[in-house]
Amino acid sequence: MPLSPAVSMLSRRQLLKVASALGLSTAALGLRPAWANPVGLGRGHPQGVEQGPEISLAIRRETRTIAGKTGRPITLNGTSPGPLIRLREGQEAVLRVTNLLEEQTSAHWHGFLLPPEMDGVPGVSFAGIAPGETFTARFPVSQNGTYWYHSHSGLQEQLGHAGPIIIDAAEPEPFVYDREHVLLLTDWTFEDPKDVFRHLKVSEGYYNRQERTIADFFADVAKNGVADTLAQRSMWAQMRMSSRDLADVTGTTYIFLMNGHAPQDNWTALFKPGEKIRLRVINGSAMSYFDVRIPGLTMTVVAADGQPVQPVPVDEFRIAVAETYDVLVEPEADRAYTLFAESMDRSGYARGTLAPRLGMAAPIPPRRSIPDRGMEAMSAHGSMDHSDVQDRDHAAMPGTDHAGTPGTDHSAMQGMDHSAMQGMDHAAMQGMAFPGDKNPAPASRSRGLLPAGTAQPGSHYDQPGIGIDPAARRVLVYRDLKAYAPWPDRRPPGRELELQLTGNMKRYMWSFDGMKFSEVNGPIHFEHGERLRLIFTNTTMMEHPIHLHGMWMELENGAGELIPRKHTLNIKPGERVSALVSADAPGLWAFHCHLLYHMDAGMFRVVRVA
Amino acid sequence: MRFTTRILFGVGTLALVSTAQAQTNSSHDAPPGWGLPMTEHNFGTLLVDRLEYVWTDENKDAIAWDFQGWYGGDFQRLYIKGEGKNRQGDGEDAEFETLDLLYSHLIADFWELQGGIGYQGGIASSDHPERTFAVIGLLGTIPYQFEVDTALRVSDEGDVSASLEAEYEIRMTQRVILQPRVEAEAATSDVEEFSVVRGLNYTRAGMRLRYEVTRKLAPYIGTYWEKQYGKTAELTREALGETEGSGVVAGVRMWF
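Chains as they are written, first to last, in the numbering used here: chain A, 1 to 610; chain B, 1001 to 1256.
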C-alpha cells in the first residue's frame, strides 16, 4: 500500500469529526459513495471501498437526493456513483454483479485487459445480466492504475451506473505520495435519458442556450466591422451549422457532479500542508468534457488512462469522456483550494475543495466566455457533405485568406475571450495551412507506411482543443504524453486501418465511415498477433472520445520509443489521429465513441481479433 | 386519382414496415440469443408550429393552425402535416386547407423526399367543399439555414398545384426568436370551387416574435401581409374584395 502513513497520522479527533460529519450528512444514509470521504483513501477509512479480489455489486434503481432535488439514479451497493473497487495487480479478481433492476444490465471494466467474455458488453462479450441474475467476472489482474466501471446497457450510464477502480501496483510506482483522493466527474440530469435522446433527435440544438444572437452580431460588427462579421456568420449559416455547437447536452439540463456531489455541496478533500497528494481524476460522465484546474496549485500529471507517464507539470488539463488522469499536487499553504472542473462548453462546472480542514472554501473561478468553433471544425465538415465541398474552394471562404494576420483572429473568433483566441487560431491555421489534410493518406501510403510513432499530418497534438489557451497557462496536450518506460511491443505496424468519424448533426446520426452500427455487415477484423495502425479522421465538428476495448491504443504523438498508451483517444474536429495496436487479445471487442448518445445513435463497431 | 393516392399510401406504409425489419441485421457475429449491443430506436414528435388568433384588416378574424408530426427512424419517417383555419363569425366549421399523410425518406444530409395523400375540406362537417390529393414534396434546410417545405399536388380531379413555405430564425436573445416566413401557392388550372386559378395565386409574408418559455412552449405575436395575383386577384376584385391584406396574430408554438 503506497500511502497511508499520513492518514494514520491524522488525529483520532479529526477522524471522528469527519466520521460524524459524514454520518450525519450522507454516508450513513447511503446517498453518496463513502469512498469519497474527506480524509482520502487508505486503511484509516475503508468505508465505501470494495476491497478485492472478491467483491459483490448489487444494482438497483433507488430514490436519492441530488443537488437538493429527488432523483431516481441507478445505485450500486446503495450509492450512486457506485463504490470504489480496489484490486491489486497479480490478483485473480472475482467481481459479482447482481441485477436488481427490472431491465437487463451489465458492468464493463473500462480499460482492463481481460478475457473477452468478462468484458461486460451485452451482445459482444456476453448476453447481459437479466433481472434477478448474478454475473461473475473472473480474471487475472494484469495491470495497475486508475480505471472505472460502468454499465454498457442502453442509456444506464446516464443514470449514474458507474464507479471508480484502483488497481494497486505489484511493483513500486515511479512516484510517491502521502495521500490519495479520487475525483470522479459525472453529469446528472433529472430528465429521463430516453427523453434526452429524443430531444437530440428531434431538435439537435435543444440543450444549446449559448447560440450566437443579434446582440453578439452587433458586438462583432462594432469590433470587427460589418464585412468580417457577415462573412463569418454567413459561412456558418451556409454550412447550416452553429459555431456554438460545443456540446450536445449541456448545463441547461446537466448538474455536474464531483464524486456524486453537486457544486453547492462543496465536497471536500482534506490534506495536511506539505503533503504530496495524488488525485485520481476520472471522467465518468455520459457526454461532458471537463477542463480541470486547481487555482494556486501546479498539477503534475503522472499517469494517463492508468498508465504511468513522464511527469508533466500543468495548470490545467482537459479530460475527455472516459479518460483518466493521475496528478500529484503539493499544497504548502494552510488554505483551501478549489477543485474546479469546468465543462468544455462553459455551461457549468463540477466543484469541490481541497482543504486542510472541513468547512472551508476557496473562490470559484469565473467561468470563461463561450468559445466559438473555428475553421478546423468547418474544414472537417467539408468532407462530410461532398456536394458542399466541391463548390467551396478555400479562397471562397471569407476569413481564410487572411488566416495568418492578426486581424483575422478577430473575424474568425468573435466573442471569445482573448486568451482563448490564440489556441483556436492555431488550430484554425493548421487546418487551413494543410488543405490536403482531408485525404493525405494516399500520398504517404504510396511510399509505404510512416515510421512507428510518427504523428500523422493533420494531427494537432500541440493543441488542447477549443476554448482553452496553452499560452495563458500550462495546459496538458497530447504531445506532452510520454510513457514512463517503453512498452514491450516495439514492432512497426504491418498495415493501416483508416476510419472516418462521421455524422449528420441535423439528424443526430453518428457513425464510422458514414455507416451506423445497424448498417454495417460484420465486425472489423484484426489479425491475431498483428501490429496495426488505426487512423481516425474526424470529419465532424464535434470531439469524439474513441474507446477500444481489450487492447491498448499507443498514441503516435511523436514521442519516439516512449509512445504512450491509452484506452480512450480524444479526436478533435478535423483532426487525424493514429494509434498502434498489438492485436494480442483474440475474441470480440466493442469499439466506439464514448459519448453515450453518439454511441447509441450508431457510432459503434465490433472488432474481431482472430 | 383516388387510386393513385391509395397506391402511394400503400407504398409508404410498406416501406416503413420494411425499415423495421432491415434493422435486425448482423453487424457482429456473436452467438445467437445475445442480442445486439446497440439497437435502433424509432422516435416521434408533434410540432404545433402555429396555433393563433388572426385579426385581419377586413374584420374576418380567424383561428389558424399549422402542425407537423412524424414517427420513424433516421431514414424513413411517417409524417402528418395539417394547416387550416376557422373563420370566426361565419357560422361555418373549421376547415383544413391541407391535411397530408406522407411517407418521408432522407435523400441527403438536409433533405427529405416526401410522398403520400392529402385532403382539403371541413372536419366532420359539410360546410366546405372537399377534395383529395396525391402529394409529393421536399422538406429540408437550404444553405443559410432556411427551412423549406415544398409540395406538388395532383387533386382527384387531376388539378395540379404547388406550394412553397420557407422559414428563417433570427435569435434576438437565447429565448427571443424572430421568425420571418414566406408562403406562395400556384396552380396549373382553374378550380373555381376552391378559388384556385391558373398561375401564381398568392404570396404571404409573415413575421413572428416568440419567447421560448421552454424549448417546447413559446407564445408569440406576429403580423403578416398577403397579396393575390393574376386571375385570383381579378376574381377577388369582381367580388369586391381586397387583393392585398394584412393582419396581426397572437398564438403559441408547442412541441411534444
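The hints are simulated quantities; they were obtained by calculation from the structure and are not laboratory data.
It cannot be assumed that every hint is accurate.
What the hints assert, rightly or not - Think about it this way: if two alpha-carbon atoms lie no more than 30 Å apart in a straight line, the pair counts; the simulated BS3-like pairs of lysine-lysine are: (1) Lys506/A - Lys1216/B; (2) Lys194/A - Lys1216/B; (3) Lys1060/B - Lys1085/B.
To see whether the hints hold, each was checked on the structure:
Restraint check for lysine 506/A and lysine 1216/B: satisfied, since their Cα atoms lie roughly 18 Å apart, inside the 30 Å limit. For the hint pairing lysine 194/A with lysine 1216/B, the CA-to-CA distance comes to about 16 Å; that is within 30 Å, so the pair holds. Annotation: proposed proximity of lysine 1060/B to lysine 1085/B holds, straight-line Cα distance about 11 Å (limit 30 Å).
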